[in-house]
Amino acid sequence: MRNEIRFSGFGGQGIILSAVIIGRAAVMYDSKFAVQTQVYGPEARGGASMSAVIIDDDPILYPKVANPNIYVIMSQEGFEKYGAAAEDPAVMLIDSTLVHSRPKCRCIEVPATREAKQTLKKDIVANIVMLGALVAATHVVSGESLKKAILDSVPKGTEDLNLKAMQLGLQLGKQP
Amino acid sequence: MSFEDWYRQDRLPHIYCAGCGNGTIINCTLAAVDSMGWKKEETVFVSGIGCSSRAPGYILTDSLHTTHGRALAFATGVKMAKPDLHVVVFTGDGDLAAIGGNHFIHACRRNIDMTVVCMNNQIYGMTGGQGSPTTPLKCLSSTTPYGCAEPPFDLCELATAAGANYVARWTSYHVKELEKAVKAGLETPGFSFIEALVQCPTAFGRRNKFRQVMDHVEFLKTHSLLRAKRDRLLEQGQPLPEDMFVVGELTKRNRPAMGVKR
Amino acid sequence: MTRTEFWQGNTACAEGALAVGCNFFGGYPITPSTEVAEHMAVKLPKKGGVFIQMEDEIASMASIIGASWTGARAMTATSGPGFSLMMENIGFAAMTETPCVVVNVQRGGPSTGQPTMSAQGDMMQARFGSHGDYAIIALCPATVQEMYELTVKAFNLADQYRVPVFLMADETVGHMREKILIPDTVERIGRKPFVDGTPPFRATDPDLIPGFPTFGTGRHVHVTGLTHDERGYPCATNPKLHMALVKRLVDKIENARDAMADYDVVNLDAEQVFVAYGGPVRTVMQVMHDRKDKNVGFLRLRTVWPFPEKALAKFRNAKRFLVPEMNFGQIAREIQRHVKVPVHCIPKLGGELHTPDELVAALEGNA
Numbered sequence: 001m002r003n004e005i006r007f008s009g010f011g012g013q014g015i016i017l018s019a020v021i022i023g024r025a026a027v028m029y030d031s032k033f034a035v036q037t038q039v040y041g042p043e044a045r046g047g048a049s050m051s052a053v054i055i056d057d058d059p060i061l062y063p064k065v066a067n068p069n070i071y072v073i074m075s076q077e078g079f080e081k082y083g084a085a086a087e088d089p090a091v092m093l094i095d096s097t098l099v100h101s102r103p104k105c106r107c108i109e110v111p112a113t114r115e116a117k118q119t120l121k122k123d124i125v126a127n128i129v130m131l132g133a134l135v136a137a138t139h140v141v142s143g144e145s146l147k148k149a150i151l152d153s154v155p156k157g158t159e160d161l162n163l164k165a166m167q168l169g170l171q172l173g174k175q176p
Numbered sequence: 001m002s003f004e005d006w007y008r009q010d011r012l013p014h015i016y017c018a019g020c021g022n023g024t025i026i027n028c029t030l031a032a033v034d035s036m037g038w039k040k041e042e043t044v045f046v047s048g049i050g051c052s053s054r055a056p057g058y059i060l061t062d063s064l065h066t067t068h069g070r071a072l073a074f075a076t077g078v079k080m081a082k083p084d085l086h087v088v089v090f091t092g093d094g095d096l097a098a099i100g101g102n103h104f105i106h107a108c109r110r111n112i113d114m115t116v117v118c119m120n121n122q123i124y125g126m127t128g129g130q131g132s133p134t135t136p137l138k139c140l141s142s143t144t145p146y147g148c149a150e151p152p153f154d155l156c157e158l159a160t161a162a163g164a165n166y167v168a169r170w171t172s173y174h175v176k177e178l179e180k181a182v183k184a185g186l187e188t189p190g191f192s193f194i195e196a197l198v199q200c201p202t203a204f205g206r207r208n209k210f211r212q213v214m215d216h217v218e219f220l221k222t223h224s225l226l227r228a229k230r231d232r233l234l235e236q237g238q239p240l241p242e243d244m245f246v247v248g249e250l251t252k253r254n255r256p257a258m259g260v261k262r
Numbered sequence: 001m002t003r004t005e006f007w008q009g010n011t012a013c014a015e016g017a018l019a020v021g022c023n024f025f026g027g028y029p030i031t032p033s034t035e036v037a038e039h040m041a042v043k044l045p046k047k048g049g050v051f052i053q054m055e056d057e058i059a060s061m062a063s064i065i066g067a068s069w070t071g072a073r074a075m076t077a078t079s080g081p082g083f084s085l086m087m088e089n090i091g092f093a094a095m096t097e098t099p100c101v102v103v104n105v106q107r108g109g110p111s112t113g114q115p116t117m118s119a120q121g122d123m124m125q126a127r128f129g130s131h132g133d134y135a136i137i138a139l140c141p142a143t144v145q146e147m148y149e150l151t152v153k154a155f156n157l158a159d160q161y162r163v164p165v166f167l168m169a170d171e172t173v174g175h176m177r178e179k180i181l182i183p184d185t186v187e188r189i190g191r192k193p194f195v196d197g198t199p200p201f202r203a204t205d206p207d208l209i210p211g212f213p214t215f216g217t218g219r220h221v222h223v224t225g226l227t228h229d230e231r232g233y234p235c236a237t238n239p240k241l242h243m244a245l246v247k248r249l250v251d252k253i254e255n256a257r258d259a260m261a262d263y264d265v266v267n268l269d270a271e272q273v274f275v276a277y278g279g280p281v282r283t284v285m286q287v288m289h290d291r292k293d294k295n296v297g298f299l300r301l302r303t304v305w306p307f308p309e310k311a312l313a314k315f316r317n318a319k320r321f322l323v324p325e326m327n328f329g330q331i332a333r334e335i336q337r338h339v340k341v342p343v344h345c346i347p348k349l350g351g352e353l354h355t356p357d358e359l360v361a362a363l364e365g366n367a
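Chains A, B and C, in that order, give the protein sequences. So for the first sequence, our numbering puts the first residue at 1; every next one is plus one. So for the second sequence, our numbering puts the first residue at 1; every next one is plus one. So for the third sequence, our numbering puts the first residue at 1; every next one is plus one.
These are computed hints drawn from the structure, not numbers from a lab. Hints are not guaranteed to be accurate.
[What the hints assert, rightly or not] Once the Cα atoms are required to be at most 35 angstroms apart in a straight line, the calculated DSBU-like pairs of lysine-lysine come out as:
no. : chain 1 : residue 1 : chain 2 : residue 2
1   : A       : Lys81     : A       : Lys122
2   : C       : Lys252    : A       : Lys64
3   : C       : Lys310    : A       : Lys156
4   : B       : Lys40     : C       : Lys46
5   : A       : Lys64     : C       : Lys247
6   : C       : Lys43     : A       : Lys164
7   : B       : Lys261    : C       : Lys310
8   : B       : Lys40     : C       : Lys252
9   : C       : Lys47     : A       : Lys147
10  : C       : Lys43     : A       : Lys148
11  : C       : Lys294    : A       : Lys64
12  : B       : Lys39     : C       : Lys292
13  : C       : Lys247    : A       : Lys147
14  : C       : Lys310    : B       : Lys40
15  : C       : Lys46     : A       : Lys147
16  : C       : Lys43     : A       : Lys156
17  : A       : Lys156    : C       : Lys247
18  : C       : Lys43     : B       : Lys40
[Said to hold, decoys possible] To give a feel for the contact side, a few chain C residues facing chain B, derived at Cβ under 8 angstroms:
no. : residue
19  : Ala62
20  : Ser63
21  : Ile64
22  : Pro206
Virtual Cβ for every residue (Gly too), placed ideally from N, Cα, C.
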């Protein structure tokens, strides 16, 4: 089983960290293989930032993601640059607070930034809400592994906040 | 022991020209090192390229004769990796202030614990007498055939501004003072810089009206202005003589230093 | 026993260095290698080692040579523009037989080029970039695992052969994160001990490598970049002595070509054979996996310099070698020197890895 996930948003949302957390969850706690890559450079700071993860049961040879089957899009510019070309059978999770476009493929709307702001009073954890939603919707890694990888990766003192954000996302991403 | 015990006898005679001032500077430095009671196996001499930089090759310790201008960067590696070693660097005006200028100011800034003796002959001696960053205005060299048009560096001002803990200037005439200054530098934790103006009869003297070796030494003697005297003149609001250079201990302080043996 | 990590290539490089005992890092920040320096800045002081950020790459290279003479296992990490600046003192390290490790996470050049994109344009510079004749060792990692393992190997080779060893990585491998297995311990090969009473630069063993007289041990060794005799004394106008010295510096590496050859071969009977190193290895592996064609062979190089030419001869039926490189054919040209069949260069510039489709097209283009 192989999943290719592309994350995009604007600099500062934690797009890179999201990809690293998912990759880490797969490798460290699900005993899978993963490769995480990202776009470096000035455009990754302010404008559209992009990171990708491949998760596979077998070793990953070619490491770049060309045709993702899963998208996590957290900004309008990120959608236009890295999400607009998505087609079926891909699935796209969208932060519906910030992205007004919708893709041609199946779309799961997650009001991550709004929920993070209203429920948790911290919009900084919107990316973790998206990760929870991603795992609930696609099961690319297990919920338990996601939790462990989040705890490995977030700053000390913010564990509770991030776990709440993850739980919130797991609820928001649940598919009927 | 005396300074003579620090020479590699099997490397002599040296390559310096008759009348060169570098031997004097090396003797003074080795006398100062000897008076510190340091052992040969815990002392490392480092140099770059040029006449001055041949000095470590004549000294019976571990020594690193490196690339042009880079001596201080190599010395930084030696000292930081093994602070137990005493590091002394020989350099010249071209090596230190032209190609090595950046390494010079950063070694001063880091205030890394080493002593640097610069033999300033105001010219590139080894390559046959080209202008250097300390060639005085109007002086002749093979690349300033109509007189040097560029104002020179004051190496001591540079070292002070960049952060060295100890800075002094003397000449090949002032052997006792020079030895004392080098010793003071060796004793100072942090970066010590001692500039020694030297005669270069072959490349500088014969182009610049110092027909005899002693003409240049005499010039160094008569044109050096003691720091104390300079300070007096300044206090009295008197003008400083334009054709003279200041000698003496110019900076002594205790900025935070790196690489000091614990 | 091993433990699993999910690391970036540059982190794996730094951790490999620490595992094999690197205790001195002198460097200057430059994309895309900076993470190596940053990781060493965090870890080295805690292990009693020294991290120093120098004023430029010239000084970085100088500092690691100085440190190496005190016995330190010393390294620096850089990318193209910094590598260019290091060339002067890389020559000094070769001439003075100073063990040291230089990591070059290659980016697009020439000049400032593409700081954040991948390339392999410094392969010839690694071999010949400093002036004069000399020989070095260059290793090319294709995975995060190899960033770790080949860094370990680089230190051991540097000490063993008394030579600068280059880890010629690329942005692709340096920046990607993937699964890596960390062993509890790694092999450590030190420097040949110095035999007291022998001239410091006399090589009496058949391997042509003299013992290492560490500074501070009372050997009173003079180290100079000038042509020197066995005592280490400058002797720059003796033609025979210069010839003998430089020949030894080259021979001690070239003679060990087979011993340090590190490569994998797949489908030795194949008529078409890919040769790759670094990032493009990953694309070739994908193509090999997808096609499962016994008539397509693969030579995967880890040692690139000295070039393991005998590996090419193992493909006895080869009618064509295909060489995907992120440059205009630097190693393809080296391969062509050793084989009679055509060598088809598949260059890719711009900063991205070859795609599997591109390699398939090259394979089928003239099959």
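So, going through the hints one by one against the coordinates:
1. Lys81(A) x Lys122(A): 27 angstroms, holds
2. Lys252(C) x Lys64(A): Cα-Cα ~40 angstroms, so violated.
3. Lys310(C) x Lys156(A): 54 angstroms, violated
4. Lys40(B) x Lys46(C): 31 angstroms, holds
5. Lys64(A) x Lys247(C): Violated, at about 44 angstroms.
6. Lys43(C) x Lys164(A): 33 angstroms, holds
7. Lys261(B) x Lys310(C): 51 angstroms, violated
8. Lys40(B) x Lys252(C): Holds: Lys40(B) and Lys252(C) sit about 32 angstroms apart, inside 35 angstroms.
9. Lys47(C) x Lys147(A): Answer holds: Lys47(C) to Lys147(A) is near 31 angstroms, not above 35 angstroms.
10. Lys43(C) x Lys148(A): This hinted pair holds, its Cα atoms lying about 24 angstroms apart.
11. Lys294(C) x Lys64(A): Holds. Lys294(C) to Lys64(A) sits at ~26 angstroms (cutoff 35 angstroms).
12. Lys39(B) x Lys292(C): 68 angstroms, violated
13. Lys247(C) x Lys147(A): Roughly 60 angstroms between the alpha carbons, so the hint for Lys247(C) and Lys147(A) is violated.
14. Lys310(C) x Lys40(B): Violated: Lys310(C) and Lys40(B) sit about 49 angstroms apart, past 35 angstroms.
15. Lys46(C) x Lys147(A): Cα-Cα ~30 angstroms, so holds.
16. Lys43(C) x Lys156(A): 19 angstroms, holds
17. Lys156(A) x Lys247(C): Roughly 58 angstroms separates the two Cα atoms, so the pair is violated.
18. Lys43(C) x Lys40(B): 34 angstroms, holds
19. Ala62: Where the cut-off is 8 angstroms and the nearest Cβ of chain B is about 4 angstroms from Ala62(C), the hint holds.
20. Ser63: With a minimum Cβ separation of about 3 angstroms from chain B (threshold 8 angstroms), the hint on Ser63(C) holds.
21. Ile64: 6 angstroms, holds
22. Pro206: Constraint on Pro206(C) not satisfied, violated at 28 angstroms.
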